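Asks: Residues per chain, in single letters:
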Amino acid sequence: MQLIKRSCGVVWMIAGVALMALLFRIAVQEMSNKPQIDTWIQWIVFLIVFIPILAGFIIFGYYAVTGEYDNI
Amino acid sequence: MNQTISTRGIWRVIGASSAGTLIEWYDFYIFGSLATVIANQFFPKTNPTAALLSTLATFAAGFIVRPFGALVFGRLGDLMGRKNTFLLTLILMGGSTFAIGLVPGYESIGFAAPLLVLLLRLVQGLALGGEYGGAATYVAEHAPPGKRGYYTSWIQTTATLGLFLSLGVILLTRHLLDSDPATSIQKFNNWGWRIPFLVSILLVIVSIYIRLKMEESPLFKKLKASGKTSSNPLKESFGHKANLKMVLLALFGAAMGQGVVWYTGQFYAQSFMENVCKVGFDQSRTILIWAILFATPFFIVFGALSDRLGRKRIMLAGMLLAVCLYRPVYRQMLQTAEVPALPAVTRTAVDGGSQRIALENGFQYTTQTVSGNSIATDKQLAPGSYWIMVGLVFIQVLLVTMVYGPIAAFLVELFPTRIRYTSMSLPYHIGNGVFGGLTPFIATLLTTTYADNKLIGLWYPIVVAAFCFVIGLLYLSNRTDTDVTD
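Chains as they are written, first to last, in my numbering: chain A, 1083 to 1154; chain B, 6 to 491.
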């Protein structure tokens, strides 16, 4: 079980990075397709809110890999 | 040793906490429920800046401000005490809600109107961010071990009941302003919408009075007396690995999935009925009201059950069922709202060349031409279909009770007393305010992009809940921490 928890930690870290890249890509695409101030505001808010959350997800994955959740 | 109070005492604590929390949820939801009416009054589309402020009010209040409120008031609650902090959140919420009801419209005071409403909406989000953590912590720290899930589940009813109350007050006000239904709705849209905001102050005053009479949490009093309160709850909560890892686990293993299930089962269900199934305004809301009424007792059932079976099992079961059932349930909702192949009994011409058609089983709808195609809108379901729809929404609210009933006790038990308010508030409000609050937006975005697939919007809550289920299954413990005095 500990091995599964730690191995999955790598998955969470990769997923966090991938989701961050995807979010940036969609944000840039949407802001380019609709260059209006309220579209820009929406996507800037998403970036401000989700980047720290995804950073937290990467940290969560790191903690999993290093065994911090082995004995919860 | 966990200090507990008499049974009568705990019910006073629950009553004082729940009343105020329910009012705060009501105050927060009436704004969202009346978004279209408020937009017409304060954010006219003809003024781009006002429309921009509307976007800010909608997004910033939920996404940024709630978690920020969790940090601000969580910190205060761990420094000053639970009682004073969640008294402050109640005053802020009540005051800002009442003030929204008083702000003159854009036509009267111009640009100042949307600016004021935006600021007041931000204050609402801030106050809500501080309320829940305080109320849940306050009740949990009074509850006896072995019954914490049961007693805190009463707080868990308040969000859904706040929604129920907001829908009910809005519907009643909308129909009682004039004997003629159309005139009543027109009056509501012009000035009657202010009534739900203004009446909340009476309920807030009563709640403040009740909370003023309450004692501080016994655990916090003991902590303060022994000089062991945290000097920097934010740093302790998020700057030390031992606690940060639990905050992250609480978010990704529980609150994230709980948030999307909560919003899908209530807000998205109502929006789906109205905007996709084309059920009329009133029925889409009364269906939700009935479903909430029937399902609300199950918050208590699952909260109590979590005391016996463990919080993890109940919450994850709810998430797994949501992942498996959303698509078939929503498919059935679409089928239930389809126009039956029955002869029309009456056809009445309405404005714009449309027709209002009534079928022999009681089903009614208005025809509308969109892009050259005639579609059925403003549907009024026949009685049989109406109750089937109630049943389908009831299933979703039941899943809400499974994921939400135990979570207050779960979050309280994860964190030590000295930083509990701070630590539990942030994952909760990110899970609900951000992940849950985004559900309508992302669902609409998906539905607009892939217009032929009416169920595409469900993939967001399904994927998020599935992720959370896997993480919770792997990393959460099902052990219940009976001692919250640490």
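In case anyone wonders, no lab produced these hints; they're calculated from the structure. Any given hint might turn out to be false.
Straight-line C-alpha distance at most 20 Å; calculated EDC-like pairs for lysine to aspartate or glutamate [to be verified]:
1. A/1087 / A/1152
2. B/283 / B/343
3. B/246 / A/1152
4. B/192 / B/287
5. B/250 / A/1152
6. B/459 / B/343
Small disclaimer: the values here were computed from a predicted structure and weren't measured.
Asks: Each hint needs a verdict: does it hold in this structure or not?
Replies: For each hint, the structure was consulted:
1. A/1087 / A/1152: 7 Å, holds
2. B/283 / B/343: 9 Å, holds
3. B/246 / A/1152: 14 Å, holds
4. B/192 / B/287: Holds - the C-alpha atoms of residue 287 of chain B and residue 192 of chain B are around 16 Å apart, at most 20 Å.
5. B/250 / A/1152: Cα-Cα ~12 Å, so holds.
6. B/459 / B/343: 13 Å, holds
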